[in-house]
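Novice: Throw the hints in and build the complete structure from the sequences for me.
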Amino acid sequence: MPYWITLVRRLPGRTLSETLDQRAAAWDGEVDFERNPMNLTPDRRAAWDEIVRRVSAEIGPVSVEEYPCNLTLDRNGPVGRIQLDYDGDSADIEFAYRHFGEAARQIVVEAYRLAGIVEDITGLVGFDCQTERPTAEGDIDAAAALLGGVSHWAQTEIPRMLAENRPGTAP
Numbered sequence: 182m183p184y185w186i187t188l189v190r191r192l193p194g195r196t197l198s199e200t201l202d203q204r205a206a207a208w209d210g211e212v213d214f215e216r217n218p219m220n221l222t223p224d225r226r227a228a229w230d231e232i233v234r235r236v237s238a239e240i241g242p243v244s245v246e247e248y249p250c251n252l253t254l255d256r257n258g259p260v261g262r263i264q265l266d267y268d269g270d271s272a273d274i275e276f277a278y279r280h281f282g283e284a285a286r287q288i289v290v291e292a293y294r295l296a297g298i299v300e301d302i303t304g305l306v307g308f309d310c311q312t313e314r315p316t317a318e319g320d321i322d323a324a325a326a327l328l329g330g331v332s333h334w335a336q337t338e339i340p341r342m343l344a345e346n347r348p349g350t351a352p
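As numbered in my numbering, residues 182 to 352 make up the sequence shown, in order.
Honestly, the hints are just simulated from the structure, not real lab data. Be aware that a few hints might be false.
As the list claims (entries may be wrong) - Label-pair distances were calculated between CB atoms; the ranges are:
hint: 1; residue 1: E246; residue 2: P223; range: 16 to 22 angstroms
hint: 2; residue 1: L192; residue 2: S237; range: 19 to 25 angstroms
hint: 3; residue 1: E199; residue 2: A323; range: 28 to 34 angstroms
hint: 4; residue 1: N257; residue 2: G319; range: 19 to 25 angstroms
hint: 5; residue 1: R191; residue 2: S244; range: 25 to 31 angstroms
hint: 6; residue 1: E283; residue 2: M219; range: 33 to 39 angstroms
We treat Cβ as the ideally placed atom computed from N, Cα and C, and that holds for glycine.
Specialist: Right, dumping it as structure tokens:
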């Protein structure tokens, strides 16, 4: 499971928290892309083009792909790989739990910059699902500490646990 930032269009008269709760309650786990493909309006397609242009200019080179359900931007830079998925109504930013220390801080800074660009262009509101706070609050230190802690644990404990459970070895 990656580190995840979601961006949503706040529902009229609802808080960000209420919007996220309603979105989660409506999701049934099944997505039929053949019956419900992404349908971008011309304005939302233009917003995507502007996201790609600004991220390329302000953060660095990207690659883009188009799928039936979303548009994807990959930023594979010096701090690591960050992926943005956008469907016009929402967006998600994901990156791996493999960074700790200063590397964790650097990738969080880049991900929050990306979220800020998407918010600025689309009007979507960002929410860091791990710190459980809006990205506009910019709590980079809390996000980097959380990312770094999980990453460090995974890199040290998972290999140890696998070695202990290897067939032919004593528990």
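Novice: Work down the list of hints and note, for each, if the structure agrees.
Specialist: Hints and how they fare:
In this structure, E246 and P223 meet the distance hint of 16 to 22 angstroms, their C-beta atoms being roughly 20 angstroms apart. At roughly 31 angstroms, the beta-carbon separation of L192 and S237 lies outside the given 19 to 25 angstroms, and the hint is violated. For E199 and A323, the Cβ-Cβ distance of about 23 angstroms falls outside the hinted range of 28 to 34 angstroms, so the restraint is violated. Checking the proposed 19 to 25 angstroms range against N257 and G319 shows it holds: the Cβ atoms sit about 24 angstroms from each other.
At about 30 angstroms, the beta-carbon gap between R191 and S244 stays in the expected band of 25 to 31 angstroms. Taken as a hint, the range 33 to 39 angstroms holds for the pair E283 and M219, whose Cβ atoms sit roughly 37 angstroms apart.
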